[in-house]
Structure formats: structure tokens, C-alpha cells
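Undergrad: Protein chains in written order, with the working numbering: chain A, 4 to 145; chain B, 4 to 145; chain C, 4 to 145.
Keep in mind that the hints were calculated from the coordinates and are not lab data. Being a predicted model, the structure only gives us computed values, none of them experimental. A hint or two may mislead.
Note: identical chains are not told apart, hence a pair may lie in one copy or across any two.
[Unchecked claim] Mimicking SDA-like on lysine to any residue, the simulated pairs with C-alpha atoms at most 25 Å apart in a straight line are:
#1 Lys69 - His114
#2 Lys35 - Glu81
#3 Lys36 - Leu115
#4 Lys18 - Arg74
#5 Lys35 - Ala132
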Amino acid sequence: MSITIFTDRISITTKTGLDIVNITSRLTDSLKKSKIINGSLNATVIGSTSSVTTIEFEPGVVNDLKKAITRFAPPDIEYDHEKAWHDGNGHSHVQAALLGPSIALPVRDGHLTLGTWQQAVIINHDNRARERVVDITIIGTA
Amino acid sequence: MSITIFTDRISITTKTGLDIVNITSRLTDSLKKSKIINGSLNATVIGSTSSVTTIEFEPGVVNDLKKAITRFAPPDIEYDHEKAWHDGNGHSHVQAALLGPSIALPVRDGHLTLGTWQQAVIINHDNRARERVVDITIIGTA
Amino acid sequence: MSITIFTDRISITTKTGLDIVNITSRLTDSLKKSKIINGSLNATVIGSTSSVTTIEFEPGVVNDLKKAITRFAPPDIEYDHEKAWHDGNGHSHVQAALLGPSIALPVRDGHLTLGTWQQAVIINHDNRARERVVDITIIGTA
Numbered sequence: 004m005s006i007t008i009f010t011d012r013i014s015i016t017t018k019t020g021l022d023i024v025n026i027t028s029r030l031t032d033s034l035k036k037s038k039i040i041n042g043s044l045n046a047t048v049i050g051s052t053s054s055v056t057t058i059e060f061e062p063g064v065v066n067d068l069k070k071a072i073t074r075f076a077p078p079d080i081e082y083d084h085e086k087a088w089h090d091g092n093g094h095s096h097v098q099a100a101l102l103g104p105s106i107a108l109p110v111r112d113g114h115l116t117l118g119t120w121q122q123a124v125i126i127n128h129d130n131r132a133r134e135r136v137v138d139i140t141i142i143g144t145a
Numbered sequence: 004m005s006i007t008i009f010t011d012r013i014s015i016t017t018k019t020g021l022d023i024v025n026i027t028s029r030l031t032d033s034l035k036k037s038k039i040i041n042g043s044l045n046a047t048v049i050g051s052t053s054s055v056t057t058i059e060f061e062p063g064v065v066n067d068l069k070k071a072i073t074r075f076a077p078p079d080i081e082y083d084h085e086k087a088w089h090d091g092n093g094h095s096h097v098q099a100a101l102l103g104p105s106i107a108l109p110v111r112d113g114h115l116t117l118g119t120w121q122q123a124v125i126i127n128h129d130n131r132a133r134e135r136v137v138d139i140t141i142i143g144t145a
Numbered sequence: 004m005s006i007t008i009f010t011d012r013i014s015i016t017t018k019t020g021l022d023i024v025n026i027t028s029r030l031t032d033s034l035k036k037s038k039i040i041n042g043s044l045n046a047t048v049i050g051s052t053s054s055v056t057t058i059e060f061e062p063g064v065v066n067d068l069k070k071a072i073t074r075f076a077p078p079d080i081e082y083d084h085e086k087a088w089h090d091g092n093g094h095s096h097v098q099a100a101l102l103g104p105s106i107a108l109p110v111r112d113g114h115l116t117l118g119t120w121q122q123a124v125i126i127n128h129d130n131r132a133r134e135r136v137v138d139i140t141i142i143g144t145a
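All chains should be built: construct the whole structure from the sequences, respecting the hints.
TA: This is the structure in C-alpha cells:
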């Protein structure tokens, strides 16, 4: 029952933000490849205008979450980031920092123990379409 | 000094949300059972209307946090989730996604190195009382 | 290819909150000491008025994030925490709980796979300068 580690990297095409993409099946694919049956899976998105969380992935919740994120960091207020960089994504940085880049999910009997209505998602907050990279680390017993 | 892994599942009775419950002693119990003295403990709540974080668990902060969560996703605004599902918990989904489902806590000398005034909590955001399940994964040296 | 674990503790001087401090080089130092080349690094801040996340660490984004955090938990509204404790940091507790105490970062080829414009930061939300402690746990193969 020795501990092993498996690392994987997935790439996800996202549209101009806010775009919320279900990555659960991608994580499950990595988990199968790892052959780890008991442990923990970390998923971390690379980049400062993207985030990771879990939601019930249905169109209503997806829209509601976009609206809430837009309320707490609207694109149409002034951002100091703009004054220096003029790339129009000041709000994207703030939104991503508040949501955070990583989640830890339990692995039991070879499965992620997400709830029935709970899916892992990445969010592209950037004001342009981005190819997003998520690094996956699974640690546990095979 | 070989690495071991210990997994546990705890069940927590929560009231209609927002309900914030201190789970520190439950995590400590799992840690004792694991006999792991140096490593990391991941706690992840199952379900899309619940979240995990740390706070100073005293009645004032608990109330203040509830008010802040209610400000950024109030129950009394319109949610697209409602239009399809009519279960009254659109705000619960948004709140839980923003807080996030997991935390990683350090284990040193057989103890969680939380601050003196820092406790691990789960939050039930749902509009009904729920029995909440938290999966605990502890990885480290025994 | 056996798994090892490395633990470290760093101390960071922070000013009266909101203060956002780049800790990336400190994490990288720990990673070098660990000699782990493939795995995962957890960073968790101790205390209930501090948080950890990743941002593009440039003065504009730092200011923008401070403003957003202040919007969702302003210091100048009423907090129940104050009624009992009178220490003026009710907003600090709420802010820290929403951001969360921990992140998990991937380790590949002996490096953190952060984005080019992505840095790990701790945030002091407290209304006084604090020496902040971050516990680092790195698990992986050396």
C-alpha cells in the first residue's frame, strides 16, 4: 500500500470571459490514467485571470454565478491596472484572485467523491478567449 | 519515515442556511485516528450548496460573515436557476461556488497548526437543513 | 521514485491591512530546499485575519484587489464582532474567510508552474501590522 504520485496537464479552450467550463470528465480521465484509488486530486489553473471551483453545472447556475462575479468586480468601473497596461482586463484579475486558483478533491475507490449535482469548473475571466492550462496532481494509493 | 495516507468521512448536521458549523474538533479526531504527525490535511465538502473555510468562530464573526455572504448573493434577487428548477436555492449555489469546497491545513507534531482564534468551518448555504458530508484526506509521515 | 514530504514555515512582515505581499520567492526557496521535483506545494496562512491567493503582482492589480475586498466587506459598516470585542477588525475576519487560508500549487521539474504573470501572495486584512506565518507542505518525488 505504498503511496504514488501522478501528474497530468490538460488544456481547455475557453471563450472570452466570463466563460465557465465543466472539467469534471477531464479530471476523471486523469484519475483513470493514474490508477490511484484512494487519495487526493489537486487541480490548479495556470494564469492570473482564471480560477477553479465547483458548481452545479446547469445553465441557470452558470448564468447566476457570472452575474454575481460581475457584481463584485464589474468590467465598467475604473481599474488602476488599466492606467499602466491598457489591456482592459483589470476586472479579470480581481475576479480570479477572489475565486482562487486551486481546489482539492477527494479520491475514493477510484472515483472523485463529488456530489451528484457538483462539478469541477474552470472560469476564464479574461476579456479574450484563452487556451487554459490546468495542472493536476494526484497523490494516493494505487 | 515513509509516507502514509489516511482517509475519513464525517457527517455534520446543519440547519437551514446560512448555517456555519465549527468542524475543527472533528478534523482533530480524524487526525488522531490517522496517527500522522507531519503532513497535510485536506477537507472537502460534498455538494454544490456548501463550502469550507476558516474563521474565528465566535457569534459576532459568524453573523458578520453571514451578512457579507448575503450581500454578495442575496436570496431575494432573481436567479436563472429558479426559472428551471423552482427550488429557491439559486443564491445558495452562487454563494458556495464563490467560497469554494476545500481547504488544506498543515499537520505538524500531530496537530493542525491553526491560529489560536482560527477554526475550520463548513457553511450550509442551502435553503433547507442538510446533513453535510466532508471527506478528509491526510497525507504525511506517522 | 518514492514519495517524500518536506515541511517549512516562513514568517512575513506585513503592514496594517490591507497589505498584499508577494511570497513567490519564499515558496521557491522552500521548494529548492525540499529537493522535490514533482508533486504539490500547499501554502496555508495561520490566523483568521489573513488569506492566500495568486495574482499578477503589479501595483495596479494590487490596488484594484484592495478596492474590491473593501467593497465586499468595508471597514466602516457595523460588525457584530465589534460589539463584543471592540478591536476594530470585524471586516478583517469577513474578508479573510471569503478569500480563504490556503492554495495548492503544482511542482514540476523542480519549479512551481505558476503563469508568467501569476504570483502567490498573502494578504493581511487586520487593522494592525502583523508578522504573518505561512506553513508550507511539499509532497512529491525527489
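Undergrad: For every hint, state whether the structure bears it out.
TA: A quick look at each hint next to the structure:
{"no.": "1", "hint": "Lys69 - His114", "verdict": "neither (29 Å within a copy, 33 Å between copies)"}
{"no.": "2", "hint": "Lys35 - Glu81", "verdict": "neither (46 Å within a copy, 40 Å between copies)"}
{"no.": "3", "hint": "Lys36 - Leu115", "verdict": "both (13 Å within a copy, 23 Å between copies)"}
{"no.": "4", "hint": "Lys18 - Arg74", "verdict": "within (20 Å within a copy, 28 Å between copies)"}
{"no.": "5", "hint": "Lys35 - Ala132", "verdict": "neither (29 Å within a copy, 35 Å between copies)"}
Violated hints, in rising order: 1, 2, 5; the structure is consistent with all others.
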